[in-house]
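Enquirer: Sequence:
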Amino acid sequence: MALEGMDHNMEMEDSKGGSGLRQYYQSKIEELQLTVNDKSQNLRRLQAQRNELNAKVRLLREELQLLQEQGSYVGEVVRAMDKKKVLVKVHPEGKFVVDVDKNIDINDVTPNCRVALRNDSYTLHKILPNKVDPLVSLMMVEKVPDSTYEMIGGLDKQIKEIKEVIELPVKHPELFEPLGLKLRVCAPSQGCTPSGRGECMSTRRTLRWLSPR
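Per the working numbering, the sequence shown runs over residues 50 to 262.
Just so you know, these hints were derived from the structure itself, not from any lab.
Keep in mind the model is a prediction, meaning the values are calculated, not measured.
You can take every hint at face value.
Below are the BS3-like pairs computed for lysine-lysine, each with C-alpha atoms no more than 30 Å apart in a straight line:
no. : residue 1 : residue 2
1   : Lys132    : Lys151
2   : Lys206    : Lys220
3   : Lys133    : Lys175
4   : Lys175    : Lys105
5   : Lys175    : Lys151
6   : Lys134    : Lys175
7   : Lys138    : Lys175
8   : Lys132    : Lys175
9   : Lys144    : Lys132
10  : Lys134    : Lys144
11  : Lys88     : Lys105
12  : Lys209    : Lys220
13  : Lys133    : Lys144
Sequences and hints are given; from them, build the entire structure.
Expert: This is the structure in structure tokens:
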């Protein structure tokens with residue numbers, strides 16, 4: 050009976066030891082799985098950063114290649130001579146009959162359109178957009194105003210300042226050269242009087258005076 054009790058106790062101890070060992074290995078496995086998941090996330094993050102950097106490198110290489118290319122002449126198409134040649138006006142050199150690059154559709158090359166010509170061969174290789182610089186368009190007067198100073202009342206002082214600041218330097222610049230004065234480029238009309246008292250009309254009159262005849 051005593052021997053049987055001892056054997057039973059040893060089996061219980063072995064059972065407890067095996068259960069503890071399994072728990073130990075199980076915890077290690079879970080710990081390693083967490084580590085693997087963390088490393089996998091870091092790997093995906095690094096791969097995404099690598100792809101982003103590779104894309105930036107490709108863009109920079111393309112920009113560098115464009116910067117290293119020779120500049121092009123800008124011309125204006127006069128007319129198409131045939132399916133492969135057009136007459137182009139280049140300022141100030143003159144007019145030239147140039148070849149059209151094979152990648153350009155001759156039907157898109159219309160009179161008065163802006164084009165780019167290669168520096169070495171004058172080959173037409175790109176059609177440029179026909180748009181005006183926004184800063185230039187802001188300075189253009191679409192319609193010459195017909196207002197006169199006689200149509201403005203109550204702004205004698207402001208009209209005198211406009212004449213002195215704007216019209217006089219343009220009309221008689223020789224008066225300012227001996228004095229070594231830097232000409233003013235603005236007149237203090239804004240805020241001189243309440244709105245609707247003739248500022249816009251005086252500006253239109255000045256634009257009329259400055260517009261080419």
